[in-house]
Each structure stands twice: as structure tokens, then as C-alpha cells.
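Top to bottom, those sequences are chains S and W. full-length UniProt numbering applies: residue 1 is where the first sequence begins, and numbers increase by one. full-length UniProt numbering applies: residue 1 is where the second sequence begins, and numbers increase by one.
The list cannot tell twin chains apart, which means a pair is met if one copy fits it or any two copies do.
Here are the computed lysine-lysine pairs in the DSS-like style, where the Cα-Cα straight-line distance is at most 27 angstroms:
{"hint": "1", "residue 1": "Lys180", "residue 2": "Lys7"}
{"hint": "2", "residue 1": "Lys419", "residue 2": "Lys450"}
{"hint": "3", "residue 1": "Lys165", "residue 2": "Lys147"}
{"hint": "4", "residue 1": "Lys25", "residue 2": "Lys312"}
{"hint": "5", "residue 1": "Lys25", "residue 2": "Lys165"}
{"hint": "6", "residue 1": "Lys175", "residue 2": "Lys7"}
{"hint": "7", "residue 1": "Lys165", "residue 2": "Lys116"}
{"hint": "8", "residue 1": "Lys180", "residue 2": "Lys120"}
{"hint": "9", "residue 1": "Lys176", "residue 2": "Lys165"}
{"hint": "10", "residue 1": "Lys312", "residue 2": "Lys38"}
{"hint": "11", "residue 1": "Lys219", "residue 2": "Lys252"}
{"hint": "12", "residue 1": "Lys94", "residue 2": "Lys312"}
{"hint": "13", "residue 1": "Lys116", "residue 2": "Lys180"}
{"hint": "14", "residue 1": "Lys94", "residue 2": "Lys232"}
{"hint": "15", "residue 1": "Lys64", "residue 2": "Lys38"}
{"hint": "16", "residue 1": "Lys471", "residue 2": "Lys399"}
{"hint": "17", "residue 1": "Lys252", "residue 2": "Lys105"}
{"hint": "18", "residue 1": "Lys143", "residue 2": "Lys165"}
{"hint": "19", "residue 1": "Lys180", "residue 2": "Lys64"}
Keep in mind that the hints were calculated from the coordinates and are not lab data.
Protein chains: 2
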Amino acid sequence: MLNDDWKPSETSAIPLYKQIAQFIKEKISSGEWTIGTKLPTQREFAEILEVNRSTVITALEDLKAEGLIEGKNSGGTVVVNNTWSLLNNSRTPKWEGYIERGIYKPNLSTIQMINKLEFKNGIIRLGTGEVSPSLYPKQAMKKILHKVSNNLESMGYEQPKGSIKLRGAISEYVKKFGIKTSPEAVLIVSGSLQALQLLSMGILPKASTIITEKPSYLKSLHIFQSEGMKLKGIGMDEHGINVNELRNSINKSTKLLYTIPTFHNPTGILQTEERRDEVLNLCREKRLPIIEDDAYRELWLEEKPPMPLKSKDKDGMVLYIGTVSKCLAAGMRIGWIVGPEAVIDRLADIKMQADYGSSSISQAVLSEFIESGLYEKYIEKLRNNLVVRRNITIEILEKYFKHIAQWNVPKGGFYIWLKLKKHISIDLLFKMCCEEGILINPGSIYDFVKNSNIRISYSYADIKELESALKRLSEIVIEITART
Amino acid sequence: MLNDDWKPSETSAIPLYKQIAQFIKEKISSGEWTIGTKLPTQREFAEILEVNRSTVITALEDLKAEGLIEGKNSGGTVVVNNTWSLLNNSRTPKWEGYIERGIYKPNLSTIQMINKLEFKNGIIRLGTGEVSPSLYPKQAMKKILHKVSNNLESMGYEQPKGSIKLRGAISEYVKKFGIKTSPEAVLIVSGSLQALQLLSMGILPKASTIITEKPSYLKSLHIFQSEGMKLKGIGMDEHGINVNELRNSINKSTKLLYTIPTFHNPTGILQTEERRDEVLNLCREKRLPIIEDDAYRELWLEEKPPMPLKSKDKDGMVLYIGTVSKCLAAGMRIGWIVGPEAVIDRLADIKMQADYGSSSISQAVLSEFIESGLYEKYIEKLRNNLVVRRNITIEILEKYFKHIAQWNVPKGGFYIWLKLKKHISIDLLFKMCCEEGILINPGSIYDFVKNSNIRISYSYADIKELESALKRLSEIVIEITART
Ligand SMILES: Cc1ncc(COP(=O)(O)O)c(C=O)c1O
Ligand SMILES: Cc1ncc(COP(=O)(O)O)c(C=O)c1O
Chain S
1 MLNDDWKPSE TSAIPLYKQI AQFIKEKISS GEWTIGTKLP TQREFAEILE
51 VNRSTVITAL EDLKAEGLIE GKNSGGTVVV NNTWSLLNNS RTPKWEGYIE
101 RGIYKPNLST IQMINKLEFK NGIIRLGTGE VSPSLYPKQA MKKILHKVSN
151 NLESMGYEQP KGSIKLRGAI SEYVKKFGIK TSPEAVLIVS GSLQALQLLS
201 MGILPKASTI ITEKPSYLKS LHIFQSEGMK LKGIGMDEHG INVNELRNSI
251 NKSTKLLYTI PTFHNPTGIL QTEERRDEVL NLCREKRLPI IEDDAYRELW
301 LEEKPPMPLK SKDKDGMVLY IGTVSKCLAA GMRIGWIVGP EAVIDRLADI
351 KMQADYGSSS ISQAVLSEFI ESGLYEKYIE KLRNNLVVRR NITIEILEKY
401 FKHIAQWNVP KGGFYIWLKL KKHISIDLLF KMCCEEGILI NPGSIYDFVK
451 NSNIRISYSY ADIKELESAL KRLSEIVIEI TART
Chain W
1 MLNDDWKPSE TSAIPLYKQI AQFIKEKISS GEWTIGTKLP TQREFAEILE
51 VNRSTVITAL EDLKAEGLIE GKNSGGTVVV NNTWSLLNNS RTPKWEGYIE
101 RGIYKPNLST IQMINKLEFK NGIIRLGTGE VSPSLYPKQA MKKILHKVSN
151 NLESMGYEQP KGSIKLRGAI SEYVKKFGIK TSPEAVLIVS GSLQALQLLS
201 MGILPKASTI ITEKPSYLKS LHIFQSEGMK LKGIGMDEHG INVNELRNSI
251 NKSTKLLYTI PTFHNPTGIL QTEERRDEVL NLCREKRLPI IEDDAYRELW
301 LEEKPPMPLK SKDKDGMVLY IGTVSKCLAA GMRIGWIVGP EAVIDRLADI
351 KMQADYGSSS ISQAVLSEFI ESGLYEKYIE KLRNNLVVRR NITIEILEKY
401 FKHIAQWNVP KGGFYIWLKL KKHISIDLLF KMCCEEGILI NPGSIYDFVK
451 NSNIRISYSY ADIKELESAL KRLSEIVIEI TART
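Generate coordinates for the entire structure from the input sequences, incorporating the hints supplied.
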């Protein structure tokens with residue numbers, strides 16, 4: 001509600017508290033803070049506006065006297081009138097009711113918090129699933145943007161499935177992974193998250209069950225649940241999803257398997273070739289379609305991973321999802337789905353109802369990037385960087401976490417799935433870390449049960465910060481353990 | 001299913017029919033055309049592959065003999081086996097069932113058709129709601145892209161509400177229209193269509209009714225209906241929506257008014273200042289929130305339109321939607337919502353579940369475009385161009401449609417709402433036009449009842465083509481009228 005944009009002026013003739021009262025009044029009278037809106041706490045006001053708490057209190061008292069705000073017994077201060085409602089009758093719509101009764105579930109509160117804190121100045125992001133800005137290929141991107149700027153002749157709505165140039169580039173690109181497809185069977189989406197969104201809107205009845213690994217990235221989302229579907233989690237071992245458990249779980253309501261066979265999020269597990277065959281055979285037998293989310297494939301460290309399930313799919317039973325978010329730029333918002341043409345057509349039609357296609361500039365830039373060969377070169381460099389980062393991180397863990405946690409050594413991707421040996425409150429850990437400017441991703445947001453894991457990413461934070469923050473994390477863990 | 005990418009080679013030693021059979025076989029064996037897929041007709045094959053129909057027939061006979069495809073009694077040929085299913089048992093998932101049972105409604109078939117035909121080579125688009133590529137500001141865009149390429153330091157996920165730079169630029173920009181907002185109360189979306197999508201997912205219970213003008217752009221979409229809501233249409237006169245009818249229609253299930261007061265799509269009507277006040281007062285009295293879709297505001301021709309409803313909204317009851325699709329570039333996929341902060345926060349959270357934010361490049365380009373002042377300059381020029389186009393189009397209508405139709409002379413936007421005097425089948429008209437390479441938007445897709453209107457856009461087609469196509473359109477209308 002408050003950001004760094006505005007602070008009261010120390011040099012103004014108007015007293016600080018009056019400036020603050022005026023600022024709040026404008027928020028109220030412009031309709032940004034409607035009647036019923038809860039104000040920030042006094043402490044938040046004081047911190048962000050950089051004034052004493054007593055100044056805030058005086059400002060709020062003034063507004064209370066004017067009848068604009070009121071302290072509630074439940075704690076907190078809310079807007080009860082606006083400048084106009086004092087003159088005539090208040091007629092604000094009851095927005096709270098609207099917000100609460102909307103169809104889609106809100107994000108998990110921890111995720112809302114993470115989404116917000118990630119942009120807080122100075123915070124160290126230990127969990128972020130993204131490549132560090134310091135590894136961004138600025139020069140290459142500049143070159144490509146120049147080229148695109150010379151070639152762009154117009155920028156209208158694109159074809160439903162996405163620009164034909166990019167679809168062509170993608171169908172060439174996935175050949176590397178043994179996937180044969182024409183551009184007609186490729187749909188460009190605004191990131192692979194949107195692929196999941198379109199699938200939930202387009203190909204499943206309400207009462208469906210979607211099976212996935214336990215834990216899974218998918219569990220941190222509400223995409224399918226918001227449309228009335230259920231998720232079911234299946235355990236994993238170090239070779240991937242447990243096939244027997246999978247077999248026993250499939251029943252009439254099971255409509256899809258969502259899986260991340262390659263450098264799984266959050267566990268980092270790489271499914272073996274053998275396990276892949278088992279999964280494919282089982283799904284084939286059960287006629288169970290598969291969504292293969294291959295976001296991390298390019299990020300192998302020493303050795304190429306086995307080919308995707310899709311490469312062995314002779315029946316059009318795998319919907320294959322890719323993205324450039326993890327290896328090039330999440331802000332591009334470009335991903336793709338490869339699958340049977342009838343399914344792609346259906347999803348494209350729904351995409352035309354969701355956003356009329358993805359950004360033309362992003363699409364033009366990405367096709368150039370891939371076709372120029374710069375993409376391939378850049379990823380090679382990135383891999384070298386990630387090996388270094390993983391090794392350093394493992395060393396840091398050896399140093400500080402040996403006695404308090406266990407972990408895997410990932411062969412690719414971004415994640416170390418840190419399992420604390422003693423059960424402590426991860427909520428408390430999350431909170432205490434936040435207070436010290438360290439942001440972690442609690443494992444529970446990905447899991448079907450409470451767990452004592454933390455997803456550590458070695459891809460994002462500066463290497464120096466990684467060490468200091470992990471050290472501090474270990475200390476806080478020990479502190480909490482001692483308390484409990 | 002077929003595109004221009006592949007044609008059999010005339011110079012190859014392999015006979016044409018064999019090449020075609022091989023081509024189809026690959027589609028089937030790669031899983032793009034799964035079992036159950038309906039093939040294109042013989043005529044379509046012949047046309048697109050540029051061969052005789054007899055060649056196509058021979059190719060299909062070959063595949064039938066192999067057991068891969070089958071002619072159906074209902075007409076049409078479908079895939080019945082794939083290369084592997086002939087060896088072992090076929091295990092293709094039943095995709096048809098999946099596609100049919102998905103939650104979201106498909107687009108209207110006319111709209112699916114339009115979405116497809118718009119990209120057919122040589123077609124003249126008489127209905128397209130977009131600025132002609134010939135008016136695209138190539139030089140200005142080039143300049144901006146260069147600037148952006150020099151400044152982009154990274155490209156990660158953006159803040160939930162969108163880049164702070166662009167939100168700042170937008171909150172400055174809307175001041176021009178009397179709207180006061182801070183960047184905290186602005187949400188960047190991937191086009192204004194996505195704004196509607198987020199609203200349908202985020203702030204309404206299933207059984208809600210949304211009121212809108214009759215006809216309305218909104219009626220051509222299924223966004224709200226797919227989530228279980230209803231649309232109700234209210235008539236218009238030349239001053240805008242009918243307020244008495246609106247008053248009588250509001251009941252307990254009415255949750256929103258969606259309105260396009262400025263250069264309405266599809267009628268082109270500009271709501272008067274007085275009517276705006278009446279609508280606002282009524283909605284205030286009824287506590288009925290308003291979505292004001294202001295996509296066409298900048299496209300006034302002689303005279304600025306009245307200020308938006310939002311500019312007079314003292315209670316935070318208006319959610320204001322803007323976009324650059326209509327005046328700058330639809331391929332940018334950038335729009336915005338301005339509203340009470342609590343609503344914006346909720347929508348931002350849902351956007352994080354839909355696509356994790358809009359393209360960073362698009363956002364960077366647009367903020368530069370606006371802040372540099374180039375946007376303002378470009379729109380001035382565009383307006384001059386559109387005046388010329390409107391005038392010419394009206395002249396053409398005078399020439400060819402005087403006896404067969406009525407129309408408005410729009411004061412802005414893109415659209416002329418052509419009403420045919422005699423009732424004829426617009427479906428037939430649509431079809432006959434398509435066959436002659438003319439694409440029209442039948443009025444019925446926007447309406448709650450069958451009508452005999454056509455939405456003509458003077459913004460898209462080349463001016464020469466506008467004349468030839470409109471002339472031909474008039475002839476076809478006369479032809480059909482004579483027949484009926
Ligand atoms: C497995 C997986 N799939 C999809 C996504 C979404 O990525 P995007 O929408 O940026 O492509 C993520 C991001 O964390 C992921 O880990
Ligand atoms: C009134 C109105 N609103 C919204 C849109 C959607 O535009 P976009 O999503 O490109 O911003 C259109 C496009 O035709 C329109 O006419």
C-alpha cells in the first residue's frame with residue numbers, strides 16, 4: 001500500500017503530520033483506498049515514511065477527528081468514510097464481498113509474501129528459481145534487439161498459435177531433444193505457467209484428478225483446484241516418481257499425470273531412462289495423458305539428461321511444455337506446448353479468449369535469439385557458471401549444515417532440497433529469516449504434507465551473499481532447535 | 001492443419017501422391033494427428049498442396065490400404081490407426097473427450113473462423129479492429145527499441161502489479177483524462193482482454209449477472225459465461241446506454257456494469273456528458289460497480305470526448321481499463337486497470353497465477369514510448385489519418401449503400417455500424433464474402449438477438465481495397481436480397 005515514492009518533506013513549512021494526513025486523505029478521496037480498506041500499521045507508516053511513530057499517531061488522530069478513519073477493536077485502522085461520503089450518503093460498492101467471493105483461490109499466503117518480498121531492497125533471495133541478473137546476456141540481447149528493431153514492420157495481433165517464425169524456430173529447436181513436430185502442433189504461450197492455466201480451462205472436467213510427484217511445483221499453485229479439480233501426490237525415490245504407487249492411484253477420475261522428470265522442482269531429482277520407460281508404458285496401458293514440464297532440461301551440469309518422454313511418444317499422449325524462463329529470461333514470458341494438433345487447436349482457441357496471444361516483441365526477440373545461434377552459446381556459458389555455483393553452495397552446506405540437515409547434489413537445474421534433521425517450525429524460520437533480510441522458500445508450499453524442508457536455489461543470489469545468508473540460516477535453525 | 005510450409009516437389013523422382021502419403025504418415029506417426037483426427041477435405045488438400053484432386057485421392061487410397069485412415073459415413077476421413085498401433089495395441093488417449101469436456105466454452109464459430117481467415121494471404125479485412133500496418137510508427141519504435149536495448153540490465157520476473165516504471169508512466173498518462181491514481185492502484189495486464197479475464201476469475205461469484213450495452217464487444221466473448229455468469233444487454237440510443245432500462249434491470253444478482261462509453265464497439269456511439277452523469281448517479285445509488293472499458297478514447301477525430309466516468313468517481317466504484325492495442329500496437333499486449341487498491345491487489349495475485357506478469361520487453365518499450373513523448377506525437381498523426389479514412393469510407397457508403405443500408409458517422413474509434421435495410425442471412429453473406437476474399441464481422445456476434453448489421457472498420461484495410469471490397473459487398477448484399 002505504501003512504497004518508496006512518497007515521503008513527507010522535511011523542509012516544507014507544513015508540519016510533517018499534516019503532510020501525512022493530507023497524503024492519506026488523497027488516497028481516500030481518489031478512491032484508491034475505499035471505505036473498508038485497512039490502513040498500514042503505525043509501525044509500517046513510520047518505517048516507510050521515515051518519521052517517528054508519534055508523528056504518524058498525530059496524523060491518524062486528525063483523520064479520526066474528521067471522521068475518515070476509525071480504530072477497530074480487532075486492531076488496525078480502517079477507512080470508514082471518504083471526503084464525499086461525509087457530504088452526502090456514502091455509496092461505495094462493497095468491494096470486500098466481491099474480493100472474497102471471486103472464483104479463483106488466492107495464492108498461498110506464503111507465496112503472496114514471497115512475491116512481495118522478492119522486490120524489497122537489499123533482501124537476499126535464497127529460494128528464487130531464476131538465473132541471477134548478473135548472468136543476464138546483456139550484449140547478446142542488445143544485438144538481437146537492434147536486429148529486431150530494424151526488421152519489425154508492424155505489430156498487430158498475432159496468429160492464434162503464435163508467430164509462425166517462432167513456432168518454426170521452436171519446432172527446429174526441440175529436434176535437439178528428439179521431438180519431431182511441425183509448427184502447426186506448437187502453441188506459443190506467455191510462460192509455461194500459462195500453459196498450465198490453459199490446460200485447466202480447456203481439457204478437463206471439474207471433478208478430474210491430476211496426479212503429480214510429491215512434492216511438486218504444481219502443489220504451490222491453485223490453477224487446477226480453482227477450477228474444481230484435485231491434485232494427488234505420488235512419492236518419489238532418487239530415480240523419479242514411484243511407478244507402483246502411481247499404478248495403484250490411477251482410477252476413473254484420474255485424467256492427467258503432470259510430471260517434471262528432468263531436474264525436478266523442488267527436489268532436483270533427475271528421472272532415469274529406465275524409470276521414464278516404466279512411466280510411459282504404464283500411462284500407455286492406462287491411456288493416461290501426460291503433461292511433461294521440461295523447464296529445466298537445458299540446465300544440466302556435467303552430463304546431458306535422458307531424452308524427454310515426448311521423444312518416445314508414438315501415440316500423441318504427451319503434452320510437452322517448455323520455457324525460456326529458467327535458462328534465458330523469465331521476463332520474456334515465452335513458453336510453448338507441443339502436442340496433438342487437435343489439442344493445440346483447442347488450447348489456442350482458449351488463449352484467444354485469455355489474452356489474444358503473447359507479446360510480439362518477445363516472440364520476435366526469441367526467434368532471433370534462437371535462430372542466430374546466440375541462445376545455444378549463451379546456455380553453454382550459463383552451464384559453466386551454474387556448476388561453479390552448485391559446487392560452492394555444496395561446500396557451504398558441508399561447512400554449516402552437516403549436523404543439522406541432509407541434501408542432494410543436483411545434476412542440473414537450480415535446486416537443493418534441504419531436509420532439516422530436527423522438526424522445527426518452518427513458519428517461524430521463514431519469519432525470522434525475513435526479519436533479517438533473508439528470503440527462503442519453505443518446502444511445505446510444494447508438498448502435500450507438512451515437511452521440514454527448504455528449497456535452496458544456487459542460481460540467484462550473489463555468491464558472497466549465498467555464503468553469508470546460508471551461514472546465518474544455519475544459525476537461526478540452531479537457535480530455533482534449541483528453543484524447542 | 002495444413003499450411004503453406006510444405007508442398008510436394010515437382011522435380012522429385014518420387015511421385016507426387018507418394019510424397020503426399022508420406023507427409024500424412026509423418027503427421028500421424030509423430031502424434032500430431034492422433035487417432036480420431038479428422039483430415040482436411042480432398043479439396044483442401046488439393047488447394048493447399050497445389051496438386052490435382054486425383055493425386056490426393058490416390059494418396060489417401062494408399063493410406064487406407066495401409067489401415068491408417070478410414071472414410072466415414074458421416075463424410076470426411078479420419079485417422080484410425082497410427083504406425084505403432086498397427087504393430088501393438090493402440091493406446092492413444094481419447095483426446096476428443098478431453099477437448100469436449102473442458103470448462104471453457106470455445107469461441108463462437110464465426111470468431112474462430114475470423115481468427116483464422118485474418119491470416120490468409122490476400123484477404124481484405126473489412127471488420128478488423130486494429131490500425132493498418134501501414135500506419136505503424138516504424139521509425140519511432142526503432143528509436144525506442146534501441147534505447148531500451150541499451151538500458152535493459154536484466155529480464156527477470158516483474159513485480160506482481162507490473163514494472164514500477166510503466167505503472168508510473170501510466171499514472172502520469174491518465175492524468176490527461178482527469179484520473180488521479182498512484183502506481184499502487186494500477187495493474188499492468190497483457191491487453192485489456194486479460195483485464196476482463198482476471199475480473200471474471202477474481203471478483204465475482206458464479207451466479208452473477210453482468211449488465212452491458214446491447215450490442216457489445218463483451219457479447220462476442222465467453223469470458224464471464226465460461227465461469228458460470230450471465231450477461232444481460234441494455235439498449236442504447238445515440239447518447240449511450242438507456243438509463244431507465246438499466247434502472248429496471250438491476251436486481252440482486254446484478255454484480256457489475258460493463259460499459260464502453262467512448263466510441264463504443266461495435267456501434268461507434270459516444271456517450272454524452274449528461275448521460276455519463278446519469279449512469280454514475282444510478283450506479284452510485286444502487287452501489288453497482290462499473291467496468292469502464294476505454295480502449296478507444298484516444299481515437300477522437302474532430303473533438304475530444306467527455307472525460308471518463310472514472311474521472312468523476314469519488315467512491316472507488318469504477319474499474320477503469322485502458323490499452324495500447326487500438327492506438328499503438330496490439331502485438332504489444334499491454335493494457336492496464338486502475339481501481340481501488342484492494343481490488344488491484346486481488347487481481348494482481350490472480351495474474352501471478354495466470355502468467356506471472358506481462359512481457360518485460362513490452363513493458364520497457366511502452367514506458368519509454370510514453371515518457372519520451374513520441375506516443376503523444378504519433379497519436380496526433382494517427383488521428384489525422386483516421387479522419388481521412390473515415391471520410392472516404394462514408395463517401396464510399398454513400399455511393400454504394402444508400403439504398404440498402406443505414407449507418408452512423410462516428411466521431412472517433414474505428415467502427416461504422418452498418419444496418420442493412422432488408423433482412424437477409426448474414427451467415428450466407430459472411431460465407432459468400434469469404435469466398436471472394438473479403439472478411440466481414442457480422443453484427444450478430446456482438447448482439448443479444450439476431451440482427452442485420454455488419455461492423456465495418458475504416459482503420460485496417462488499404463484505402464483502395466476498402467473501396468473495391470465495399471463495392472463488392474454491396475453487390476453481394478443486393479444479390480442475396482434478390483434471391484430471398
Ligand atoms: C517446473 C516449472 N514449470 C513452470 C514454471 C513456470 O515458469 P514460466 O511460466 O516462467 O515459464 C516454473 C517456474 O518456477 C517451474 O519451476
Ligand atoms: C472495447 C474493447 N475492449 C477490449 C478489447 C481487447 O483489446 P486488447 O486485449 O488488445 O487490449 C477490444 C478489442 O477489440 C475492444 O474493442
